[in-house]
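S.K.: One letter stands for each residue in the lines below.
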Amino acid sequence: MTDRYLILEDGSAYLGKAFGSLATTTGEIVVNSTMNGYQEIISNQIYHNQIIVFTQPSIGNTGLDHNSYESVLPSARGVIVREYENLAKDHYKRVSLDRYLTQHKIPGIYDVDTRQIQHHLHQFGNMKASIVDVADDHAFDQLHATVLTNQQVSQVATQAPYANPGEGDNVIVVDFGLKSGILRELSRRECNVTVVPWNYSSEQIMDLDPDGVILSTGPGNPLDLPDSVLKMILSIQSQVPVFAMGLGHELFAMANGAKVSKLKVEHHGSNHPIREIITNEIFFASQEQGYAVDSKSIDHSKLFITHIDLVNGTVQGLRHRENPAFSVQFSPDGAPGPHDSNGLFDDFMEMISRRRQNNGNRY
Amino acid sequence: MAKLILDKMAMQRALTRITYEIVEKNKGVSNLVLIGIKTRGIFLAKRIADRLRQLENVDVPVGTLDITNYRDDVEHDSLSTDVKIANSEINFSIEGKRVILVDDVLYTGRTVRAALSAVMDIGRPSSINLAVLVDRGHRELPIRADFVGKNIPSSQKEKIKVYVSEIDDKDAVEIIK
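So the sequences go chain by chain: A and B.
Note that the numbering used here numbers the first sequence so that position 2 is 2, with each residue one more than the last.
Note that the numbering used here numbers the second sequence so that position 102 is 102, with each residue one more than the last.
FYI, nobody ran anything at the bench for these hints, they're computed from the structure.
No experiment lies behind these values; they were computed from the predicted model shown.
Warning: the hint list may mix true and false statements.
Said to hold, decoys possible - Beta-carbon label-pair distances, calculated as ranges: (1) A:150 / B:28: 37 to 45 Å; (2) A:95 / B:144: 48 to 56 Å; (3) A:238 / B:71: 15 to 23 Å; (4) B:124 / A:239: 47 to 55 Å; (5) A:339 / B:25: 44 to 52 Å; (6) B:7 / A:239: 29 to 37 Å; (7) A:234 / B:96: 32 to 40 Å; (8) A:358 / B:177: 47 to 55 Å; (9) B:165 / A:263: 37 to 45 Å; (10) A:150 / B:9: 38 to 46 Å; (11) B:144 / A:103: 21 to 29 Å; (12) B:96 / A:302: 42 to 50 Å; (13) B:73 / A:164: 47 to 55 Å.
We treat Cβ as the ideally placed atom computed from N, Cα and C, and that holds for glycine.
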């Protein structure tokens, strides 16, 4: 196997072996500590322009499965793992991880000390990195010169609205770079879904006559999005039930006056216990966050804090006090698992049916 | 044959949602009192109070109401109010309060009608709202719930059974055909 290097902005270099595409790429390097679900992780648009280091020592050994893609065109910039297996393919023996990464021009490196990388990043924070053939001065110069886009949402979110028809409630999903898991959960609940671009106005959304609106997950910094998004959220939340997650949660918080800041080290994993405050129950969820809502900035006359992360204390859930609108930082669709928080989609459906009964209109 | 409609988790989530909706509708918890209708309504009311304490750090008073002497199929006109409410425990004034009545299942509406009479005999609250875990339809009176955990369309031949772990061996809602 070809030797390749992972080089970091601070000058460190790791020699490993290539798999997947042989492209040279640059992105922000992040660590994911989830043990399962490499397919869902790699195909999640939240990793746009990022190189993913798996602390799970071996990936590739269960192939890929057509039910588990989180996007059609993944936009991660690389996969780093201790050990890579190309033995198993999917149930139908069609696609291996190696083939998938090659198709989508995502390079992989294995046989590197991922624990060392994890320690390094934990100490020095997330930074730019490249996957290159030769770790010479030129490669580092290129890396330093590369400016990563801050227009991640518009790169991965849909540019035009599209329908995902169903026979139940009319749900509008505002796409900030959604993962398919959200649509999967809505399909399970027979929703008639329309996915709209992230820059749709509240008028455009309300013209579609929604029973409820979902603000999707997505990549990047919520502060890079224009204020018009916050205005849209403020307007929508006073009219229909809203369920926001991931980037959508951060925007929901900002629309209601809270501040969001970048974490020193991004947290990608499912190993942090999360406490639901109202019941004191502990559960786990798939978390993928580079930003967090600052709990001190929350106006308690507007929002409840509903969930907190017990390891780093970050706000994991919010609920509006006067409107049926709530948000979670984690991924409730459980792709990959845990599935503990899946019931939040049922709560959203109940909110929709309550609103319909209270208004006494339709059906 | 019993069919599970709500399991433990779904039941907890329903109560959680009702709690948020109570705060949402009342714009806070000031002046709020909870009154659980015997038997299972009492435990549900206490659970809602527990959630309000977690959320808002306040103790909302919880009373219990035995509506036996207010039933419309029982002769009770000769009894005094004191006798009629002897088996209820409401150790606080409801004068001017926002009362949330809590019951497990809303069916014909006759229990709630009786509970409304009982509450009115005890005092004059500023408002009365109704929270139920299950609304199964088939109302015989013009009564509706303000907060519903789950709507379960049912046939009148079926039975809805609510289990609460405080007195039953589990938390669940079952429909029995």
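S.K.: Find the hints from earlier in the document that the structure breaks and name them by number, from lowest to highest.
M.R.: Numbers 3, 4, 5, 8, 11 and 12 - these are the hints that the structure violates, sorted from lowest upward.
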